[in-house]
Amino acid sequence: EPEVTQTPSHQVTQMGQEVILRCVPISNHLYFYWYRQILGQKVEFLVSFYNNEISEKSEIFDDQFSVERPDGSNFTLKIRSTKLEDSAMYFCASKRDGNTEAFFGQGTRLTVV
Amino acid sequence: ELKVEQNPLFLSMQEGKNYTIYCNYSTTSDRLYWYRQDPGKSLESLFVLLSNGAVKQEGRLMASLDTKARLSTLHITAAVHDLSATYFCAVDRGSGGSNYKLTFGKGTLLTVNP
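Protein sequences, first through last, are from chains A and B. If you read the first sequence in the working numbering, its first letter stands for residue 23, the second for the next number, and so on. If you read the second sequence in the working numbering, its first letter stands for residue 682, the second for the next number, and so on.
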């Protein structure tokens, strides 16, 4: 069964360092997302990506964040200069069309120290 | 801004009992999803509700959507321990094209006790 895969599963980084979180969405899906979940809290939308460009981003997704789909299969989230408050589980998701559910990857637990 | 409210946030129930989780949302939408999350794990899709009056059932779980009341329910019948997890409702207010995105409720932590 097709699934969304994310790497790494856990990343520890020092404050101020850059991190790149990687995702491979399901191959015939058209919409791609990043969400995050701070421990014990709800899942928050970061950014959506469609037709090779950002379609919407939240207030959380400031200039320190960027996304890319460099090669038609990978979808990456970069945080340029990490802060302690960026520590969270980051989920990648993809969706085929408007009438189907979004499928989520297993997540990358980011710990900023 | 779309708001999604779930209640209860914590639910402890005995095996064999029935209960309902409620999901209210603040603006018009006809796409609502229920997800399950086990501790430290990802979000597993349970139900996709795409129209007013939609009802879906899978095993001991049944979900419904009333778009006029802006309310969805997740009903648990004869709970078993394996249902212990956090359940999220998520509303998609996308109007089409590229604007689909999910707004999640805070989740309901369900614990089923023997």
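Hints in this document: simulated from the structure, not taken from any laboratory. Treat the hints loosely; a few may be bogus.
[Unchecked claim] A few chain A residues facing chain B, derived, Cβ under 7 angstroms:
no., residue
1, V65
2, Q86
3, F87
4, G120
5, E123
[To be verified] Derived Cβ-Cβ restraints for the label pairs, each shown as a range:
no., chain 1, residue 1, chain 2, residue 2, range
6, B, E686, A, G38, 36 to 46 angstroms
7, B, A759, A, K100, 28 to 38 angstroms
8, B, E686, A, L61, 13 to 23 angstroms
9, A, N74, B, T701, 18 to 28 angstroms
10, A, I76, B, E686, 20 to 30 angstroms
11, B, E686, A, K105, 26 to 36 angstroms
A virtual CB, placed ideally from N, CA and C, is assigned to each residue, including glycine.
Now the hints, each set against the structure:
1. Given hint, V65(A) at the interface with chain B, holds; its Cβ is 4 angstroms from that chain's nearest Cβ, closer than 7 angstroms.
2. The beta carbon of Q86(A) comes no nearer than 20 angstroms to any beta carbon in chain B, farther than 7 angstroms, and the hint placing it at the interface is violated.
3. Checking F87(A) against chain B: minimum C-beta separation of about 16 angstroms lies over 7 angstroms; hint violated.
4. Hint on G120(A) holds. Least Cβ distance to chain B is approximately 6 angstroms, under the 7 angstroms limit.
5. Hint status for E123(A): holds, given a least beta-carbon distance of 4 angstroms to chain B, under 7 angstroms.
6. Restraint check, E686(B) to G38(A): a C-beta distance of roughly 37 angstroms satisfies the suggested window 36 to 46 angstroms.
7. Distance hint for A759(B) and K100(A): a CB-CB separation of about 47 angstroms, inconsistent with the stated range 28 to 38 angstroms.
8. Take E686(B) and L61(A): their Cβ atoms lie about 21 angstroms apart, and the range 13 to 23 angstroms holds.
9. Separated by about 43 angstroms at the C-beta atoms, N74(A) and T701(B) break the suggested range of 18 to 28 angstroms.
10. The hinted range of 20 to 30 angstroms is satisfied by I76(A) and E686(B), whose Cβ atoms lie roughly 28 angstroms apart.
11. Between E686(B) and K105(A), the C-beta spacing of about 29 angstroms keeps the proposed range 26 to 36 angstroms intact.
Of the hints listed earlier, those the structure fails to meet are numbers 2, 3, 7, 9, in rising order.
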